[in-house]
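J.: For the record, the sequence lines run as chains A and B.
Using the working numbering, the letters of the first sequence map in sequence onto residues 1 to 115.
Using the working numbering, the letters of the second sequence map in sequence onto residues 1001 to 1117.
Simulated from the structure, these hints should not be mistaken for laboratory data.
Keep in mind that a hint or two might mislead.
Listed next, the in silico DSS-like pairs over lysine-lysine satisfying Cα-Cα at most 30 Å (straight line) [as the list claims (entries may be wrong)]:
#, chain 1, residue 1, chain 2, residue 2
1, A, Lys83, A, Lys11
2, A, Lys62, A, Lys83
3, A, Lys44, B, Lys1070
4, A, Lys15, A, Lys78
5, B, Lys1070, A, Lys11
6, B, Lys1073, A, Lys83
7, A, Lys15, A, Lys83
8, A, Lys62, B, Lys1055
9, A, Lys11, A, Lys44
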Amino acid sequence: EAGVAQSPRYKIIEKRQSVAFWCNPISGHATLYWYQQILGQGPKLLIQFQNNGVVDDSQLPKDRFSAERLKGVDSTLKIQPAKLEDSAVYLCASSGRTGTDSPLHFGNGTRLTVT
Amino acid sequence: AQTVTQSQPEMSVQEAETVTLSCTYDTSESDYYLFWYKQPPSRQMILVIRQEAYKQQNATENRFSVNFQKAAKSFSLKISDSQLGDAAMYFCAYRGNYGGATNKLIFGTGTLLAVQP
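The following block holds chain A by itself, in its conformation from the complex (with noise of 0.2 Å):
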């Protein structure tokens, strides 16, 4: 079973320019999470979907964070402008259900350095 694919592996932006992140859940797996981990501290929840639609964003910057997951597959993860403080490894991450016992399945990660 391929694991959850992320890319780039690393990105390095100077503020106020925009990026964007990839992840490609395992096959099957209709639960998606974004998860955003800064230096030194413990992953946060940036948006969950179920399928194609949002479960949980209520941790997401809306005014310069979005994200989408149009066919319920493969999801993009965008920062526009981006802010120092945005520097920090964004996971993404998928389950096969929703419930509390489901395990979720980590991809590696991409490393953001916002300059």
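Got chain A sorted already, so can you dock chain B onto it with the hints?
T.: Just chain B now, with coordinates in the frame of chain A:
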């Protein structure tokens, strides 16, 4: 709101020895899940072990076991016979079971474990 606290930013253990990582949490819920995740330098979060709050028996997975104290809201991870490959950042996480589709994972700040040969 639920919180997860890991008070040990770094720990070190000799190869083949045993180490315990601490975690406390705060919640008003009675039904929930607790997890330990391992994050090696590759950055991929790997599930190590899971505990269901309504189960009194502590979970075990090979060399990994937990000490779950529900009343004290404590959830420590014990790694026996430590191996060099155990070196990583370890995160404690909480997930409520109070219904709804979200039930997001709430992570602690992590403990960086070094294994000395």
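J.: For this structure, which hints from the list above don't hold up?
T.: Hint check: 5, 6 and 8 fail, others pass.
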